[in-house]
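Q: Listed below are the residues making up each chain.
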Amino acid sequence: AQSVTQLDSQVPVFEEAPVELRCNYSSSVSVYLFWYVQYPNQGLQLLLKYLSGSTLVKGINGFEAEFNKSQTSFHLRKPSVHISDTAEYFCAVTLTGGFKTIFGAGTRLFVKA
Amino acid sequence: KAGVTQTPRYLIKTRGQQVTLSCSPISGHRSVSWYQQTPGQGLQFLFEYFSETQRNKGNFPGRFSGRQFSNSRSEMNVSTLELGDSALYLCASTLTATPGETQYFGPGTRLLVL
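Those protein sequence lines, which keep their order, are chains A and B. Under the numbering used here, read the first sequence as residues 1 to 113, first letter to last. Under the numbering used here, read the second sequence as residues 114 to 227, first letter to last.
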């Protein structure tokens, strides 16, 4: 069975500081990896995804993530955060041969002025 | 192109009642998935429909059911509501539900069971 662990439930950070949101997954078969963001009172929006190829994936709003197969990780990074990045971030996996998506518990990013 | 829409946005019910939630996918999308989001359990997969057929189901009791119509709109129904069913119910659509395809989420229906 697949599982996704987001190692931090909350991450407070000052504006313009860098941030890393950590995600580890467990799967015995190949997976696709995703990061979604949820702003208050809204649905989820895709930030970026890894399907194959380059392990460094760039997404919207200046976010990027690196796929590390040996460590089964897919950490999300941004070099300089803004107040508007305050939201909840979800890491997710889908089997390359399946349709069901498993989400992590989420990391609440709080950017302080 | 209009996004995924869900109706109603908010709902209050009492224990034992039943509820039906509706989801209209992005035009042309044929797959709809439903998720339950709660603070304690996070996002949990309920089921997925493609061309009116349920292809995948999560680990939820039979009180949770769904269907998809020929125009790809989907409904989910929860019978005999329990307090623990209070949650944000999200639906997401994809064009063909090919693995790796981006899911587009609606704003959700917030259900409160009293």
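Quick caveat, the hints were computed from the structure, so don't treat them as lab data. Computed from a predicted model, the values in this text were never measured in an experiment. Each hint should be verified, as a subset may be incorrect.
To be verified - Sample of chain A residues lacking proximity to chain B, with all beta carbon distances greater than 10 Å (derived):
1. Asp8
2. Val13
3. Glu16
4. Ala17
5. Val19
6. Glu20
7. Gln42
8. Lys58
9. Thr72
10. Pro79
11. Ser80
12. His82
13. Thr96
14. Lys112
Unchecked claim - Examples of chain A residues lying across from chain B (beta carbon under 7 Å, computed):
15. Gly43
16. Thr94
17. Phe99
18. Phe103
19. Ala105
20. Gly106
21. Phe110
22. Val111
Where is the CB? At the ideal position from N, CA and C, for every residue including glycine.
Q: Now, for every hint given, state plainly whether the structure supports it.
A: Status of each hint after checking the structure:
Against chain B, the non-interface label of aspartate 8 of chain A holds: every CB pair exceeds 10 Å, the least being about 14 Å. Listed as a non-interface residue, valine 13 of chain A keeps its Cβ farther than 10 Å from every Cβ of chain B; the least gap is roughly 22 Å. Non-interface call for glutamate 16 of chain A relative to chain B: holds, since the shortest CB-CB distance, roughly 29 Å, exceeds 10 Å. Here alanine 17 of chain A stays apart from chain B, with its beta-carbon at least about 26 Å from theirs, past the 10 Å limit.
For valine 19 of chain A, the shortest C-beta to C-beta distance to chain B comes to about 21 Å, beyond the 10 Å cut-off, and the non-interface label holds. No Cβ of chain B approaches the Cβ of glutamate 20 of chain A within 10 Å, the least distance being about 20 Å, so the stated non-interface status holds. Not every C-beta of chain B lies more than 10 Å from that of glutamine 42 of chain A, the closest at about 6 Å, which undercuts listing it as non-interface. With a least beta-carbon separation of about 15 Å from chain B, lysine 58 of chain A lies farther than 10 Å from that chain, consistent with its non-interface assignment.
With a least beta-carbon separation of about 18 Å from chain B, threonine 72 of chain A lies farther than 10 Å from that chain, consistent with its non-interface assignment. No Cβ of chain B approaches the Cβ of proline 79 of chain A within 10 Å, the least distance being about 24 Å, so the stated non-interface status holds. The beta carbon of serine 80 of chain A sits about 26 Å from the closest Cβ of chain B, which is more than 10 Å, so the claim that it is off the interface holds. Residue-level check passed: histidine 82 of chain A sits 22 Å from the nearest beta carbon of chain B, beyond 10 Å.
The beta carbon of threonine 96 of chain A sits about 6 Å from the closest Cβ of chain B, which is not more than 10 Å, so the claim that it is off the interface is violated. With 10 Å as the threshold on Cβ separation, the claim that lysine 112 of chain A sits away from chain B holds: the shortest Cβ distance comes to roughly 22 Å. For the restraint placing glycine 43 of chain A at the interface with chain B, the shortest Cβ-Cβ distance is roughly 3 Å, inside the 7 Å limit, so the hint holds. Restraint check, threonine 94 of chain A versus chain B: the minimum CB separation of about 6 Å is within 7 Å; hint holds.
The criterion of a C-beta within 7 Å of any C-beta in chain B is met by phenylalanine 99 of chain A, whose closest approach is roughly 5 Å, and the hint holds. Interface hint at phenylalanine 103 of chain A: satisfied, since its Cβ lies 4 Å from the closest Cβ of chain B, which is below the 7 Å cut-off. Taking 7 Å as the C-beta cut-off, the interface hint given for alanine 105 of chain A holds, the closest approach to chain B being about 4 Å. Interface restraint check for glycine 106 of chain A: the shortest CB-CB distance to chain B comes to about 6 Å, inside 7 Å, so the restraint holds.
For the restraint placing phenylalanine 110 of chain A at the interface with chain B, the shortest Cβ-Cβ distance is roughly 16 Å, beyond the 7 Å limit, so the hint is violated. For the restraint placing valine 111 of chain A at the interface with chain B, the shortest Cβ-Cβ distance is roughly 21 Å, beyond the 7 Å limit, so the hint is violated.
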